[in-house]
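Could you put together the complete structure from these sequences and hints?
Chain by chain, the residues run as shown.
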Amino acid sequence: MSGNLARKDRTRAALLLAPAYLWLTLAVFLPLSAMAFFSFLSDVPFGDRDWHVTLDNYRAVFESGTYATLLWKSLKLGMTVTALSVLIGFPCAFVLAKVIRGRAREAMFLLVILPFWSNSLVRIFSWAIVLRGNGVLSGLIDAILPWDVRINLMFSPTAIVIGLVHSYLPYVILTSYLALQAIDDSLIEAARSLGARRRTILLRLILPLAAPGIIAGAVLIFVPVVGSFMEPRLLGGRLGTYYGTVIEDQFVAVFNWPLGAALSFVLLAVILTILALASPALRRSQR
Amino acid sequence: MTNRTLALLGRGYLGLILFFLYAPILVMAAMSFNASAFYQLPFSFSTEWYAKLWSNREILSAAGRSVWIACVVTVLATAAGTAASIALFRYDVPGKRVLQVLLFPPIAIPWLITGTAMLIFFFGIGIGRGTPAVIIGHVALALPYVIVVVTARLATFDATLEEAARSLGAGAWTVTMRVTVPWILPGIVAGGLFAFAVSFDQFVVSYFLSEPGDTTLPVLIYTSIRKGFTPEINAISTIIIAVSMGIMVLAARYSNFGGER
Chain C
53 MSGNLARKDR TRAALLLAPA YLWLTLAVFL PLSAMAFFSF LSDVPFGDRD
103 WHVTLDNYRA VFESGTYATL LWKSLKLGMT VTALSVLIGF PCAFVLAKVI
153 RGRAREAMFL LVILPFWSNS LVRIFSWAIV LRGNGVLSGL IDAILPWDVR
203 INLMFSPTAI VIGLVHSYLP YVILTSYLAL QAIDDSLIEA ARSLGARRRT
253 ILLRLILPLA APGIIAGAVL IFVPVVGSFM EPRLLGGRLG TYYGTVIEDQ
303 FVAVFNWPLG AALSFVLLAV ILTILALASP ALRRSQR
Chain G
70 MTNRTLALLG RGYLGLILFF LYAPILVMAA MSFNASAFYQ LPFSFSTEWY
120 AKLWSNREIL SAAGRSVWIA CVVTVLATAA GTAASIALFR YDVPGKRVLQ
170 VLLFPPIAIP WLITGTAMLI FFFGIGIGRG TPAVIIGHVA LALPYVIVVV
220 TARLATFDAT LEEAARSLGA GAWTVTMRVT VPWILPGIVA GGLFAFAVSF
270 DQFVVSYFLS EPGDTTLPVL IYTSIRKGFT PEINAISTII IAVSMGIMVL
320 AARYSNFGGE R
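Chains C and G, in that order, give the protein sequences. When we follow the numbering used here, the leftmost residue of the first sequence carries the number 53, and every step to the right adds one. When we follow the numbering used here, the leftmost residue of the second sequence carries the number 70, and every step to the right adds one.
Think of the hints as simulated: they come from the structure by calculation, not from any bench. Virtual Cβ for every residue (Gly too), placed ideally from N, Cα, C. Treat each hint with caution, since some may be false.
In silico BS3-like cross-links for lysine-lysine, where the CA-CA straight-line distance does not exceed 30 Å [what the hints assert, rightly or not]: (1) 296/G with 121/G; (2) 60/C with 165/G; (3) 128/C with 296/G; (4) 125/C with 296/G.
A partial selection of chain C residues facing chain G, derived with a Cβ cut-off under 8 Å [what the hints assert, rightly or not]: (5) 65; (6) 68; (7) 79; (8) 144; (9) 162; (10) 167; (11) 172.
What follows is a set of in silico ranges between Cβ atoms, one per label pair, in the way DEER data are often shown [claimed, not checked]: (12) 121/C with 71/G: 48 to 58 Å; (13) 153/C with 106/G: 46 to 56 Å; (14) 67/C with 233/G: 20 to 30 Å; (15) 87/G with 208/C: 22 to 32 Å; (16) 255/G with 101/C: 49 to 59 Å; (17) 104/G with 254/C: 48 to 58 Å; (18) 252/G with 111/C: 55 to 65 Å; (19) 121/C with 252/G: 54 to 64 Å; (20) 111/C with 201/G: 30 to 40 Å; (21) 170/G with 62/C: 12 to 22 Å; (22) 255/C with 84/G: 19 to 29 Å.
Structure follows, in structure tokens:
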């Protein structure tokens, strides 16, 4: 009787789980497998095209210096944006978690997180409006400073970094805030009553305890920035060629899908390595 | 420095961050009400660009398509995601850990990779590009968010309530619909709002999966920006930001996303 019931339960569980996981299989896991397969083809296997299995795409990725240079350029962009976001975001999370209290904190927290859930493309566009030559920023600086300055940040690496930090800053604020909030105030109080200075409390107590949250935020920023293509395109202009934009080109302009698939897979491998390295910290931050 | 000055400095810093986060959005919104077509100052108020939107068939049809797709995605992702969350919560499913880990790839892998992989696969099996492909892709991206939010709400649910209902003779369906679902309803609503936002704001996956001339709003904006800016784009962008921020304020009220309360 009980075995019968368990089997019934198992059928029910399977029926409830099936739609979600079949969907993920169809739309994520099978496509990723198909992409792995494509990256070893000489041409797309559609219609009556001639194709065979080859390593040429990976050879092209690794042997031409261009792609390695671009990957490195994207990794550097990821590191810059991540470092800046952590440096700017952590103090902000600290103020939210430990200085501001009550309803004001709730409202402030929502205000910080809100832009993150609004359209990222539109926010990048808004920076284009601000940064363009003769735009608002240049007009503002011109009005404040007595001498004549012409600032045109648009279509520069700086513009790309500003736009990306703006896009991803809320991530690190969110994860650091959650980690900081979990630190018991009485712990800080105890350290203080034992004579610890502010610097010591920050370096020996708060930072180590908040580290998993900071690392989680850093990973959440680094991964999408390395794979970004829309931000460099819109804010970088002709300088905005990165690893991501090259992948985009293979799919929408050059139509070399097998090479694009190989480029994507190399990026995926790099990202999975980084996620694996960070996973102990990520697991701790989930508690 | 005293604690009070430090606290004051902290508040000032927070103010600066908020300025950094909101200033460009406000500038963009202001420019959508500026009469000049070339973003020239001085500012002179005009609703001309919003009026122009109304007669721009391309933007209107893309906006309609975006909303319609987001609604379909919301229904599908919320239904499938809630069902999966309940199963993971109620039954001792074998391989539960694996099932939970499988939710991460759609969130953690850059959309550039997921989007191009979907393009390849959907072309291979004959779905091709177009609205059905976009919907399939968006639902997959929204599902993990729904499951995470609903599961978080389920964690506050007392499982003995289900047992009590069952021992009083209620069947599995009745228990689910009359006991479990009413309790987790705020989580389901929040999950649905997240799903809507994921779909409505999604650019990368839509960009690779939609047919040229038959696109969603963000894709249309991207292609128009690359041709050159017009205040019309500011107007439609301002509307989009207002809509998605409104949705997230709602979602925050229904979930615990806004922190403890």
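(message) Which constraints among the numbered hints does this structure fail? Numbers only, ascending.
(response) none
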